[in-house]
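Chemist: One line per chain: the protein sequences are A and B, in this order.
One rule links them: number in this note's numbering = place in the first sequence (from 1) + 2.
One rule links them: number in this note's numbering = place in the second sequence (from 1) + 846.
One thing to keep in mind: the hints can contain errors.
Below, in silico cross-link-like pairs of lysine to any residue (SDA-like), each with a Cα-Cα straight-line distance of 25 Å or less [unchecked claim]: (1) A/Lys46 to B/Gly847; (2) B/Lys944 to A/Ser68; (3) B/Lys944 to A/Ala7; (4) A/Lys85 to A/Asp59; (5) A/Lys64 to B/Gly847; (6) A/Lys85 to A/Arg111; (7) B/Lys898 to B/Glu909; (8) A/Lys64 to A/Pro83; (9) B/Lys944 to A/Asp58; (10) A/Lys46 to B/Ala949; (11) B/Lys944 to A/Glu70; (12) A/Lys46 to A/Ser29.
Residues from chain B that keep clear of chain A, each with C-beta distances beyond 10 Å, as calculated [claimed, not checked]: (13) Val857; (14) Ala863; (15) Ala873; (16) Gln891; (17) Ala899; (18) Ser904; (19) Asn905; (20) Gly907; (21) Glu922; (22) Ser925; (23) Val928; (24) Ser931; (25) Ala932; (26) Arg956.
It should be emphasised that the hints constitute simulated quantities derived from the structure, not laboratory data.
Glycine included, each C-beta is placed from N, C-alpha and C at the ideal position.
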Amino acid sequence: EAGVAQSPRYKIIEKRQSVAFWCNPISGHATLYWYQQILGQGPKLLIQFQNNGVVDDSQLPKDRFSAERLKGVDSTLKIQPAKLEDSAVYLCASSLGTWGELFFGEGSRLTVL
Amino acid sequence: GNSVTQMEGPVTLSEEAFLTINCTYTATGYPSLFWYVQYPGEGLQLLLKATKADDKGSNKGFEATYRKETTSFHLEKGSVQVSDSAVYFCALSGGDYKLSFGAGTTVTVRA
Chain A
3 EAGVAQSPRY
13 KIIEKRQSVA
23 FWCNPISGHA
33 TLYWYQQILG
43 QGPKLLIQFQ
53 NNGVVDDSQL
63 PKDRFSAERL
73 KGVDSTLKIQ
83 PAKLEDSAVY
93 LCASSLGTWG
103 ELFFGEGSRL
113 TVL
Chain B
847 GNSVTQMEGP
857 VTLSEEAFLT
867 INCTYTATGY
877 PSLFWYVQYP
887 GEGLQLLLKA
897 TKADDKGSNK
907 GFEATYRKET
917 TSFHLEKGSV
927 QVSDSAVYFC
937 ALSGGDYKLS
947 FGAGTTVTVR
957 A
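Please construct the entire structure, taking both the sequences and the accompanying hints into account.
Modeler: Right, dumping it as structure tokens:
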């Protein structure tokens with residue numbers, strides 16, 4: 003079974019530039035999550051989708067971050083404009099809905115200079 | 847709100863040593879508790895879970911018991927191997943399919 007795919011794995015940009023991350027969840031998984039993991043901290047939920055609807059985006063900085071999940075499958079997370087504090091690993095995860103059993107991708111590491 | 851506090855690292859051990867990583871939680875209701883592990887160069891993966899008080903989760907020689915009276919879910923392994931070197935995250939789910947993670951504990955096992 004293919005796992006959660008993310009790209010790019012690494013991205014370096016300057017502040018005020020924009021960046022987009024892509025995620026392809028495990029086939030059949032209705033729930034998709036984006037987490038932000040800053041170095042030395044645990045992952046923090048940014049947004050949760052159920053199919054193509056947003057369930058929770060309370061911790062998404064909406065002035066600069068946006069996410070969409072078209073057709074209930076792939077998802078993109080965009081940051082525009084980026085700030086230095088956005089340097090982190092962005093993790094995508096998916097689940098069938100089983101309580102807490104998330105499957106994570108390898109993450110996209112963003113460095114903002 | 848829900849939160850998890852886990853033992854700070856890093857932790858360095860010799861092979862065959864006993865490992866304990868402490869985890870305590872704050873939550874309303876009856877959460878489910880998890881340990882996730884992140885091996886070098888890999889994504890987070892579920893190690894074990896417990897969904898109700900006194901449940902014991904186990905996998906790959908690791909164990910953790912859901913203790914409601916002490917709001918704890920400590921991870922233990924009796925004899926670690928070099929391949930257990932990883933970052934371990936304690937996590938909690940309040941039933942809304944969202945996980946709240948601890949800060950992670952880096953474990954290094956020396957041969």
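Chemist: Compare the structure with the hints numbered earlier in the document and write down the numbers of the violated ones, lowest to highest.
Modeler: 16
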